[in-house]
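Asker: Going down the list, the protein sequences come from chains A and B. Going by this note's numbering, the residue at position 169 of the first sequence is 169; the numbering climbs one at a time, nothing skipped. Going by this note's numbering, the residue at position 103 of the second sequence is 103; the numbering climbs one at a time, nothing skipped.
Since the hints were derived computationally from the structure, they do not count as laboratory data. For clarity, every value in this text was computed on a predicted model and none was experimentally measured. Cβ coordinates follow ideal geometry from the N, Cα and C atoms, glycine included. Do not rely on the hints blindly, as some may be mistaken.
The following label-pair restraints were derived from C-beta to C-beta distances [as the list claims (entries may be wrong)]:
| hint | chain 1 | residue 1 | chain 2 | residue 2 | range |
| --- | --- | --- | --- | --- | --- |
| 1 | A | Q179 | B | R27 | 34 to 42 Å |
| 2 | B | Q14 | A | L303 | 22 to 30 Å |
| 3 | B | E134 | A | L192 | 41 to 49 Å |
| 4 | B | D101 | A | Q179 | 51 to 59 Å |
| 5 | A | T135 | B | E134 | 36 to 44 Å |
| 6 | A | D186 | B | W157 | 48 to 56 Å |
| 7 | A | T135 | B | E92 | 37 to 45 Å |
| 8 | B | R27 | A | R64 | 24 to 32 Å |
Some chain B residues near chain A, calculated using beta-carbon distances under 10 Å [said to hold, decoys possible]:
| hint | residue |
| --- | --- |
| 9 | I16 |
| 10 | V52 |
| 11 | H53 |
| 12 | S55 |
| 13 | A56 |
| 14 | W62 |
| 15 | V71 |
| 16 | H86 |
| 17 | I87 |
| 18 | S98 |
| 19 | Y103 |
| 20 | P105 |
| 21 | Y120 |
| 22 | E134 |
| 23 | F145 |
| 24 | W157 |
If you want the footprint, here are the derived chain B segments under chain A, 3+ residues with CB under 8 Å [unchecked claim]:
| hint | stretch |
| --- | --- |
| 25 | 33-40 |
| 26 | 43-50 |
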Amino acid sequence: MRPENYQAVNHPPSNEYELNFGPNHPGIEGNYALKVKLQGDTVVEARADAGYLHRGFEKLMEDRLWIQNISLVPRICVPDPVPMEVCYSLAVEELAGLELPERAQWLRVLQLELSRIAAHLFYFGGHAATTGMYTPMYWGVADRDLLLDLFEELTGGRVYSIYNMPGGVRQDIPRGFLQRLSDTLDYIEGRLKDYDNLFFTNQIFVKRAKGIGIISQEQALEWSVTGPNLRACGLEFDVRRDDPYLIYDQLKFDIPTEHGGDAWARTLVRRLEMVESISIIRQVIKALPDIKGPVRTPIPNPLAWRVPAGDSYARVESSKGELAYYVVSNGGDKPYRVHIRGPSAMHAVQVLEKLAVGCRVEDVAQTMFSLDACPPEVDR
Amino acid sequence: MSAAHSQNLNVLLQEIEGIHLTHHNPRRLRADIAAEALPALLALLRGRASYVHLSAISCVDWIEENQFELVYHLWSYETSVLISAHIRIPREPGIYLSVFDIYTPAAFFERDIHEMFGVYFEGSPDMSKFILTEWNGPPPMRKDFNSEKWVMETFSWQEYHPDWLKDLEEQGGGIVSTPESIRMDNK
Chain A
1 MRPENYQAVN
11 HPPSNEYELN
21 FGPNHPGIEG
31 NYALKVKLQG
41 DTVVEARADA
51 GYLHRGFEKL
61 MEDRLWIQNI
71 SLVPRICVPD
81 PVPMEVCYSL
91 AVEELAGLEL
101 PERAQWLRVL
111 QLELSRIAAH
121 LFYFGGHAAT
131 TGMYTPMYWG
141 VADRDLLLDL
151 FEELTGGRVY
161 SIYNMPGGVR
171 QDIPRGFLQR
181 LSDTLDYIEG
191 RLKDYDNLFF
201 TNQIFVKRAK
211 GIGIISQEQA
221 LEWSVTGPNL
231 RACGLEFDVR
241 RDDPYLIYDQ
251 LKFDIPTEHG
261 GDAWARTLVR
271 RLEMVESISI
281 IRQVIKALPD
291 IKGPVRTPIP
301 NPLAWRVPAG
311 DSYARVESSK
321 GELAYYVVSN
331 GGDKPYRVHI
341 RGPSAMHAVQ
351 VLEKLAVGCR
361 VEDVAQTMFS
371 LDACPPEVDR
Chain B
1 MSAAHSQNLN
11 VLLQEIEGIH
21 LTHHNPRRLR
31 ADIAAEALPA
41 LLALLRGRAS
51 YVHLSAISCV
61 DWIEENQFEL
71 VYHLWSYETS
81 VLISAHIRIP
91 REPGIYLSVF
101 DIYTPAAFFE
111 RDIHEMFGVY
121 FEGSPDMSKF
131 ILTEWNGPPP
141 MRKDFNSEKW
151 VMETFSWQEY
161 HPDWLKDLEE
171 QGGGIVSTPE
181 SIRMDNK
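From just these sequences and the hints, can you work out the full model?
Answerer: What follows is the structure, encoded as structure tokens:
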């Protein structure tokens, strides 16, 4: 007979031990923990532990005006903030029935692609650092800084630009901006060769990255993997082409894919994407001078702006995958509900917990970083 | 989406009783159905209509109608259509079925909704806390939880009156030098 309050105590086998990976470690951009159970050097179980960056954005947004929320949303993902602003604006525009001027659409694409390049540079740097290569990290951060200079000139803010708003963008580009942008792109494109030599074809990296964290295409679809991580498994899908928003259907770009599904393939897809992004921005630079008109549709008094009741689901392709906003209005001057579907919510929790199993302990950080997860997107 | 696809889908969806379809635009389809019919709809869409991607599950608290609205956003890579299936469940007791057996990613969203709204999903693999590990209050995303009121009741205001502010106030307070005057000085 066992007593009523009997609880079995499970003692782990003596060859197993637990390791708290994080919340502060090189595997991810931000604070995020992974509790791993190890047998020798091999991970046998992993549990994601989030919440270190929870700021309650969804609740805060319900208490703020439609227009005020623009200054909140970019903070949800620090390395890639522009898609947050654009996606929220797209959802509100759909609800309010606002027509977006053509010039504003081109300017948004320009920012989105600039932000993608900046985020990928950050990713290469961070990923290299997880394998102990620190030079690409310094290079990546330094080159990203040149893009932040452009953001500063265009919007006034280096990271959080708060430049997009429902109805368009805040103001037109400064004089001579396109020339400086073009120069910076030439420089970045020239640097890619150096990155190839230092990082992408470097055997130290290739040997570490190949065969790490393999996802098959079937698993990727099963686990709702999106974005570059999905394209690294061989599925040619991009929200920009298959569910087009803004003027992406007027632009020419390829969708690079790889077939390995491992950390190496995920890095390579991003490397190829940067070339496409540079080509997209060049198309924008070419077309922009001929597109006249306003950059913003005027909205009624923003302090008393009431958006008609309804709901909308806007999706964009961020540098990390499919980003979506579900916005509900009850006809008031504030959103009734905003749900943010960050791509990392899938990658950093379910996918990572499964991928980490079977990894050696020194590969855990690299597996995490290769998924390019952004913890604040999980915590919100 | 081609016309043939659309027709096949419409025929399929007629199998679900009491379904109400609305086309927002060619790539967005809204389906309002009864809560009992949702698992059948999802099984149908995933099994026979290529909707393999669960984009998100959103929850909305309609406190005045005493209901929770659950929205399942599904995407088909083949037909490029996003279907949003809307259901309403009573706010009390706030229990619904898990769709984890149909869509694996549902586990994350259901865990999140349980934490933020207190909706319990029967059959979900993990309903433990995730983000709000140290929170013992009511589910915070519910409309009857007022975060500002909670802050006022929980934290006390601290007096902040540093020396530099006192100096400023002695000089008359407010903005001492406008940005224009600073720029003029620099010239």
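Asker: Each hint: holds or not?
Answerer: Going down the list of hints, with the structure as the test:
{"no.": "1", "hint": "A/Q179 with B/R27: 34 to 42 Å", "in the structure": "holds (38 Å)"}
{"no.": "2", "hint": "B/Q14 with A/L303: 22 to 30 Å", "in the structure": "violated (47 Å)"}
{"no.": "3", "hint": "B/E134 with A/L192: 41 to 49 Å", "in the structure": "holds (45 Å)"}
{"no.": "4", "hint": "B/D101 with A/Q179: 51 to 59 Å", "in the structure": "holds (57 Å)"}
{"no.": "5", "hint": "A/T135 with B/E134: 36 to 44 Å", "in the structure": "holds (40 Å)"}
{"no.": "6", "hint": "A/D186 with B/W157: 48 to 56 Å", "in the structure": "holds (55 Å)"}
{"no.": "7", "hint": "A/T135 with B/E92: 37 to 45 Å", "in the structure": "violated (59 Å)"}
{"no.": "8", "hint": "B/R27 with A/R64: 24 to 32 Å", "in the structure": "holds (30 Å)"}
{"no.": "9", "hint": "I16", "in the structure": "violated (21 Å)"}
{"no.": "10", "hint": "V52", "in the structure": "holds (5 Å)"}
{"no.": "11", "hint": "H53", "in the structure": "holds (6 Å)"}
{"no.": "12", "hint": "S55", "in the structure": "holds (6 Å)"}
{"no.": "13", "hint": "A56", "in the structure": "holds (4 Å)"}
{"no.": "14", "hint": "W62", "in the structure": "holds (9 Å)"}
{"no.": "15", "hint": "V71", "in the structure": "holds (7 Å)"}
{"no.": "16", "hint": "H86", "in the structure": "holds (8 Å)"}
{"no.": "17", "hint": "I87", "in the structure": "violated (14 Å)"}
{"no.": "18", "hint": "S98", "in the structure": "violated (14 Å)"}
{"no.": "19", "hint": "Y103", "in the structure": "holds (8 Å)"}
{"no.": "20", "hint": "P105", "in the structure": "holds (4 Å)"}
{"no.": "21", "hint": "Y120", "in the structure": "violated (19 Å)"}
{"no.": "22", "hint": "E134", "in the structure": "holds (8 Å)"}
{"no.": "23", "hint": "F145", "in the structure": "holds (8 Å)"}
{"no.": "24", "hint": "W157", "in the structure": "violated (19 Å)"}
{"no.": "25", "hint": "33-40", "in the structure": "violated (count 0)"}
{"no.": "26", "hint": "43-50", "in the structure": "violated (count 0)"}
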